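**Student:** Now for the letters of each chain:
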Amino acid sequence: NAGVTQTPKFQVLKTGQSMTLQCAQDMNHEYMSWYRQDPGMGLRLIHYSVGAGITDQGEVPNGYNVSRSTTEDFPLRLLSAAPSQTSVYFCASSYRPIRQTNEKLFFGSGTQLSVL
Amino acid sequence: AQKVTQAQTEISVVEKEDVTLDCVYETRDTTYYLFWYKQPPSGELVFLIRRNSFDEQNEISGRYSWNFQKSTSSFNFTITASQVVDSAVYFCALSELSAGGTSYGKLTFGQGTILTVHP
Numbered sequence: 036n037a038g039v040t041q042t043p044k045f046q047v048l049k050t051g052q053s054m055t056l057q058c059a060q061d062m063n064h065e066y067m068s069w070y071r072q073d074p075g076m077g078l079r080l081i082h083y084s085v086g087a088g089i090t091d092q093g094e095v096p097n098g099y100n101v102s103r104s105t106t107e108d109f110p111l112r113l114l115s116a117a118p119s120q121t122s123v124y125f126c127a128s129s130y131r132p133i134r135q136t137n138e139k140l141f142f143g144s145g146t147q148l149s150v151l
Numbered sequence: 109a110q111k112v113t114q115a116q117t118e119i120s121v122v123e124k125e126d127v128t129l130d131c132v133y134e135t136r137d138t139t140y141y142l143f144w145y146k147q148p149p150s151g152e153l154v155f156l157i158r159r160n161s162f163d164e165q166n167e168i169s170g171r172y173s174w175n176f177q178k179s180t181s182s183f184n185f186t187i188t189a190s191q192v193v194d195s196a197v198y199f200c201a202l203s204e205l206s207a208g209g210t211s212y213g214k215l216t217f218g219q220g221t222i223l224t225v226h227p
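These protein sequence lines map, in sequence, to chains A and B.
In short: position in the first sequence from 1, add 35, done, that's this note's numbering.
In short: position in the second sequence from 1, add 108, done, that's this note's numbering.
For reference, chain B alone in the conformation it holds in the complex:
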């Protein structure tokens, strides 16, 4: 069975600090997809990134960066120079593939990490 673990339940930082959210996953699939979603206080789920298991290139998008390491089954998310607007719950998720090798978005989510950025 697939499993996603976000060991950090809550993180509190002061504005402008860098913060890394950890994500460790378990899967028997050789091909899979990893996601990060943000849930701000308003409650909606905001897509941040999708990563294919066969592409280990790290990605940077503005203040956000993601470190995918297949060898350690980790997909960590770093926010550089955090801002108050980054305060949210962040979810890491892993997709399940059908017998035909496609993913219909059956995601296994981690427990979520509550990030609070103080001014």
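Chain A with its partners taken away, still in its complex shape:
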């Protein structure tokens, strides 16, 4: 049981390049999400998904795309990287609506992205 796995751990891009941050969980979690962490701003929600085939925007969705074709995977795509997307990205998942149990978010170990 690996939990939430993010790859890569580090990435450097040039402005305008595209790439995909991978996120996979092996806990059969319905809910998955992506956050970015910037100094002094905490973590901000980019996109989230409540199940396969269902995605929605969070607080800062511009410049990012997501899809959820399987329960396990929730990749985050940067279509044309910009320096403003330099950040640490965290993927998170949970099994069911948090209200119904004492459930919590499980976070991946993060991806540090630099856009030059």
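Hint data in this document are derived by calculation from the structure and do not stem from the laboratory.
Bear in mind the structure is a predicted one, so any value in this text is a computation, not a measurement.
Fair warning: there could be bad hints in the mix.
Stated by the list, open to error - Pairwise CB distance ranges (calculated):
id, chain 1, residue 1, chain 2, residue 2, range
1, B, V192, A, V123, 31 to 41 Å
2, A, P118, B, D126, 33 to 43 Å
3, A, D91, B, E123, 41 to 51 Å
4, B, T188, A, G88, 39 to 49 Å
5, B, E164, A, Q52, 46 to 56 Å
6, A, A87, B, K124, 44 to 54 Å
Claimed, not checked - Below 35 Å or equal to it, Euclidean Cα-Cα: the simulated DSBU-like pairs (lysine-lysine) are:
id, chain 1, residue 1, chain 2, residue 2
7, A, K139, B, K178
8, A, K44, B, K146
9, B, K111, A, K49
10, B, K178, B, K146
11, B, K146, A, K49
C-beta: ideal position from N, C-alpha, C; glycine also.
Given chain A's structure and the hints, the job is docking chain B onto it.
**Tutor:** Positioned in the frame of chain A, the structure of chain B alone reads:
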């Protein structure tokens, strides 16, 4: 819109001192969930506690305790007899509920408080 404020950007203490990290939140929901996460220097996010808005009982877990006061919209975190290993960034977070009253983990995070415990 929901908002979480951690007014203390950085706190520095000497080992064995007690330290309280403040968290103030804003929400229109009558039912919500509050969390604390720890981020050590290694970078991962470690879950510490979740509190339901309808349960104002304070909680203690070893050296950690949490004081939830709905009347002042605060959810403060106290570390008793701090240790060097407590050095980390601590985040307070508030969950958003869907129209059906469930929380899918859409968290609003505070800015974080950097705690440094010196030996």
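**Student:** All the hints need checking, so say for each whether the structure fits it.
**Tutor:** Hint check results:
The hinted range of 31 to 41 Å is not satisfied by V192 (chain B) and V123 (chain A), whose Cβ atoms lie roughly 24 Å apart. Restraint check, P118 (chain A) to D126 (chain B): a C-beta distance of roughly 42 Å satisfies the suggested window 33 to 43 Å. The beta-carbon spacing between D91 (chain A) and E123 (chain B), approximately 45 Å, falls within the hinted interval of 41 to 51 Å. A hinted range of 39 to 49 Å for the beta carbons of T188 (chain B) and G88 (chain A) is consistent with their spacing of about 47 Å.
E164 (chain B) and Q52 (chain A) have their C-beta atoms about 50 Å apart, which keeps the hinted 46 to 56 Å range intact. A beta carbon spacing of about 50 Å between A87 (chain A) and K124 (chain B) agrees with the range 44 to 54 Å that was offered as a hint. Distance hint between K139 (chain A) and K178 (chain B) is fulfilled; the C-alpha atoms sit about 21 Å from each other, no more than 35 Å. For the given pair, K44 (chain A) sits about 20 Å from K146 (chain B) by alpha-carbon distance, which is consistent with the 35 Å threshold.
Using a Cα cut-off of 35 Å, the hinted pair K111 (chain B) and K49 (chain A) holds, with the two alpha carbons roughly 34 Å apart. Restraint check for K178 (chain B) and K146 (chain B): satisfied, since their Cα atoms lie roughly 23 Å apart, inside the 35 Å limit. With a C-alpha separation of about 32 Å, the suggested pairing of K146 (chain B) with K49 (chain A) holds against the 35 Å cut-off.
When each numbered hint is compared with the structure, a violation occurs for hint 1 only.
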